[in-house]
Amino acid sequence: MADAAAVSAREWRRPAAEGWARAAGAERVREFEGVRGAVQACSADSRNDLIDTDFGMIISIASGKGGTGKTTVATNLARSVGFDVQLLDCDVEEPNAHLFIHPSFEETEPVFIPVPKVDESQCTFCGKCAEICQFKAIAVVNETVLVFEELCHSCGGCRVVCPQGAIREGRRKLGDIQKGHHNAIECIYGRLRVGEAMSPPLIKKVRSYQNPEKLTIIDAPPGTSCPVIASMKEADFVVLVTEPTPFGLHDLKLAVGAVQALNIPCGLVVNRSDMGDNSVREYAQQKGLSILMEIPFNRKIAVAYSRGQMLVDVLPEWKDKFLGLYNQIELLAKH
Amino acid sequence: MKELIIISGKGGTGKTSLIAAFASLAHNKVLCDADVDAADLHLIMAPNIVRRADFISGHTAVIDTGQCSQCGKCLDLCRFGAISDEYNVNPLDCEGCGVCVYYCPEKAIEFPENTCGEWFRSDTRFGPMVHARLAIAAENSGKLVTLVRQESKKLANEKNLNLIFTDGPPGVGCPVIAAIGGASAVLVVAEPTISGVHDMQRVVQLTGHFKVPAMVCVNKFDLNPDQTRNIENFAKNEGLSAVGRIPFDPIFTKAMVQGRTIIEYNGESKAGQAVKAIWHTLSRKLGL
Chain S
5 MADAAAVSAR EWRRPAAEGW ARAAGAERVR EFEGVRGAVQ ACSADSRNDL IDTDFGMIIS
65 IASGKGGTGK TTVATNLARS VGFDVQLLDC DVEEPNAHLF IHPSFEETEP VFIPVPKVDE
125 SQCTFCGKCA EICQFKAIAV VNETVLVFEE LCHSCGGCRV VCPQGAIREG RRKLGDIQKG
185 HHNAIECIYG RLRVGEAMSP PLIKKVRSYQ NPEKLTIIDA PPGTSCPVIA SMKEADFVVL
245 VTEPTPFGLH DLKLAVGAVQ ALNIPCGLVV NRSDMGDNSV REYAQQKGLS ILMEIPFNRK
305 IAVAYSRGQM LVDVLPEWKD KFLGLYNQIE LLAKH
Chain Z
2 MKELIIISGK GGTGKTSLIA AFASLAHNKV LCDADVDAAD LHLIMAPNIV RRADFISGHT
62 AVIDTGQCSQ CGKCLDLCRF GAISDEYNVN PLDCEGCGVC VYYCPEKAIE FPENTCGEWF
122 RSDTRFGPMV HARLAIAAEN SGKLVTLVRQ ESKKLANEKN LNLIFTDGPP GVGCPVIAAI
182 GGASAVLVVA EPTISGVHDM QRVVQLTGHF KVPAMVCVNK FDLNPDQTRN IENFAKNEGL
242 SAVGRIPFDP IFTKAMVQGR TIIEYNGESK AGQAVKAIWH TLSRKLGL
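Heads up: the sequence lines are chains S and Z, in that order. Counting from 5, one number per residue, gives the positions in the first sequence under the numbering used here. Counting from 2, one number per residue, gives the positions in the second sequence under the numbering used here.
Keep in mind that the hints were calculated from the coordinates and are not lab data.
Here are the simulated DSS-like cross-link-like pairs (lysine-lysine), alpha carbons at most 30 Å apart as the crow flies:
(1) S:Lys-132 x S:Lys-177
(2) S:Lys-140 x Z:Lys-154
(3) Z:Lys-108 x S:Lys-140
Construct the complete structure from the given sequences, taking the supplied hints into account.
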């Protein structure tokens, strides 16, 4: 079994999509590659090639606080750039970008991760699998092996350690990926199965479809923990969308910390910029963060948003502003 | 003891402002901020920290390059791509599974525990509060949510309080699942937008999946009365009560800027009265 891992390890830099396409297959070696592919969705190697061109840039739209307008910025930016663009909705817990883009969906793909299946007829109940598992996902009680699939992180340790070869890998469904188009926008999003806890592997899977030939805009989930990191990692630029309120500022500081931990250049968009106070602007100035755009509160915008209409459709003068936002990002990302 | 959790699916619908407002209306309760990823309740509650403790959870592999013979075993086994060709572990990629540690023939891999944040017991003008701060980019937010909920229950028992208000996280994933399991009731705060309806439906499904009783209220209902009706009809079809509507009102932001609840800021405003009415219904439904 260790040999199987060794074979795949030499190939672990192969493109993720290719690896994952096989993940559903039964063969063990390929499952291993599949997981690697997902986790390695965007390797540093492939990214370095991108920066040299104007096309392959990856812009991640994030925020600490929820509801600040990430999806508004991501979708309007995608609509305004005027060339082929990928919009990846990595807020897989609550994906919303498609509600505004209205892509015609061409493909739905279920996404799985491996979980252990124990053949008790071969098992000697030695307990090594339970010993290696850090996540309490497998337990040996008397002459029974209990697998708690929802706790499994798919590390494969139990399968590798089993002296009897009694553990093979089955799968647990994480959710689905939908792919579609609307004009120049290729829209790909993940939808976490309701009841499933682990979103990062699904996010990585969505990102495995990044096309280095195109500009990629990522709509990230709120917060600052693992799903957000998975949505910002190896981006060329992060746009942090915030609002000028105490909650907005507090969560912005956390988000800036996360972006800095990843060493990615970032800039701010201040939404509902005329509600609240001046503290976000003061903080930006203090930290040398550029405010790339301000969107004032406008009931017309809020009502249009509630209906699923896009800002640039309701107020077409915003198209130039979003194009300006893109141009600023392009400059900042390269320095 | 009753534990009410506020969640929303979509972020920014007003969970924290609402729970803060309830805090100024209810008696004998413990406040719990379970949105550990981006905790904000303390900005209104101005807690006085009484006790602080580290949140320790999980492990990260660390390779001692002096001991390492570069055999490649760990590279072969790691499914998370966390080990570089130079045999360094990227802590952001390390899942903490320990498979490399177990198999390293040189015993060159340490496996220290992670300090993933901290949690607090505090006093506020509205009673005791348990809150936390997840370290930036840390994992295990679900475990920290579980911890703050357990500590809130302990605190309520110690102080003989019969109610816990918990501010939950957005989304439907790991931290939300940890926040709602075993709760007396969940209040879903929805906003009448196309995303708000979509996200509310998923989070209501989640409460059904875990069999937690749920209720729904609509914030900023007047921005789109049609969507408000959609939300309320959906709730009714799912067998949930719709417990009220709050109008769009800039006093939510004004109160927040002053670090006050909207009841403290202006309880007689339209939004203030709507929140009072919702609390009245909730307390009846919770049997308080």
